[in-house]
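**Student:** Listed here are the chains, written in short residue letters.
2 protein chains.
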Amino acid sequence: MPSAVVLLSGGLDSTTALAMARAEGLTCHALTVRYGQLHACELAAAARVAAALGAAEHRVLTLDLAPLARSALTSPDLAVPKDRSLAEIGAPGDVPVTYVPARNTVLLALALAWAETLGAQDIFVGVNVLDASGYPDCRPAFIDAFQALAQVATRGGGFRVRAPLIAMTKAEIILAGARLGVDYGLTHSCYDPIDDRACGRCDACHLRRKGFAEAGVVDPTRYAT
Amino acid sequence: MPSAVVLLSGGLDSTTALAMARAEGLTCHALTVRYGQLHACELAAAARVAAALGAAEHRVLTLDLAPLARSALTSPDLAVPKDRSLAEIGAPGDVPVTYVPARNTVLLALALAWAETLGAQDIFVGVNVLDASGYPDCRPAFIDAFQALAQVATRGGGFRVRAPLIAMTKAEIILAGARLGVDYGLTHSCYDPIDDRACGRCDACHLRRKGFAEAGVVDPTRYAT
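Going down the list, the protein sequences come from chains B and C.
Its first residue numbered 347, the first sequence is counted upward by one per residue in this note's numbering.
Its first residue numbered 347, the second sequence is counted upward by one per residue in this note's numbering.
Note that these hints are calculated values from the structure, not bench results.
There's no promise every hint is true.
What the hints assert, rightly or not - Each pair of labels, with its calculated beta carbon distance range:
id, chain 1, residue 1, chain 2, residue 2, range
1, C, Thr408, B, Pro348, 50 to 56 Å
2, C, Gly400, B, Asp529, 54 to 60 Å
3, B, Pro422, C, Gln497, 27 to 33 Å
4, B, Ala437, C, Ala386, 45 to 51 Å
On a predicted model such as this, the values are computed, not experimentally measured, just so you know.
In this text, a Cβ means the ideal position worked out from N, Cα and C, and glycines have one as well.
Please work from the sequences and hints to get the whole structure.
**Tutor:** Listed below in structure tokens is the structure:
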């Protein structure tokens, strides 16, 4: 059975990517990185998801990006934006303060290291560009450039960087996951949780709520507001 | 004064790259990664070098690659090859067991995160392809691919990945550093040190010895054999 490395944050998108990789029959090696995210409860979500979706193994790597990469997700002195409208969240050219510099480059580099060691050809990452926050490292050009890099960065090349959600809306992602039996109650999206409940006000919460509403699927999230 | 991020292992090459960046008048932010290398005494060398060469700051990040990237540099059960001839070390297509999968991709990704946070345009890395061990992530094609990635992975792009040693022999590197006043006695190259002395038998020691001999510069290294 061919193997894949799947980057798993514990959020809705990476969980769906894992479900898609499993649906292809791939043996999935899930990789979660404790990179200094203040919303560390996503790490527990990642563990729940890896177990529930039948990852062959789940590794959690610790790497504190906070000293290098300034972001509201890693720096307590930067506030997570709240109550932004969907038009603001999706505004072209806007990169919000929750962007973590080069984070997805770092995560894919780690996934590549593991894939090369395992002899896995596929690397799954749950980035998407629609219904997202305008992060540069979620765009097709980024995935293409990393895929090109992976061929020359390694002994043999031959890697495929798979971003199956990249052109899907959040509603389409939720429907695809629901068809695969994903229990989104296991996942965590919120950037600024309150006692493990979602704040209901950050960009991640707004996009998640909108996705469930548009999909017509019951949102299992426990929101604080 | 423009800033640069300089990847600094504590070895001869990255030390020379730092000296070159300083000679351009750049404010240098040196980054060392404790990635699980068994020859951890290079970390002390990096601290000595950063101080001696006037880095504006020196950060050491901890990230244990050993669970992901199998290599003789990170796995005690894999032996570091000894007493290979220079012809063997430089054989085309040979990637020795000391190659750490995707290590330089990970290191450059971390440097990119810091450069974006600092607003630094230049990232220096001391890779070289001549008088080296055939690692894929030391070749010009790798540097070019990472530079292309950096433009799309980040908010604004505009990064330059500088690999000034890439086409130099070890002797040329040593002569260039010596002209800049580098004290190579501060540096550490050996993959398998014995009580902080260089083993004198691994590929890194053989290449270092050959470099000093060809440069006609006294080798300050304390070799065990």
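**Student:** Next step is simple, just say for each hint if it's right about the structure.
**Tutor:** Here is what the structure says about each hint:
no., hint, in the structure
1, Thr408(C) to Pro348(B): 50 to 56 Å, "33 Å, violated"
2, Gly400(C) to Asp529(B): 54 to 60 Å, "56 Å, holds"
3, Pro422(B) to Gln497(C): 27 to 33 Å, "31 Å, holds"
4, Ala437(B) to Ala386(C): 45 to 51 Å, "47 Å, holds"
Comparing the model with each earlier hint shows a violation of hint 1 alone; every other hint is respected.
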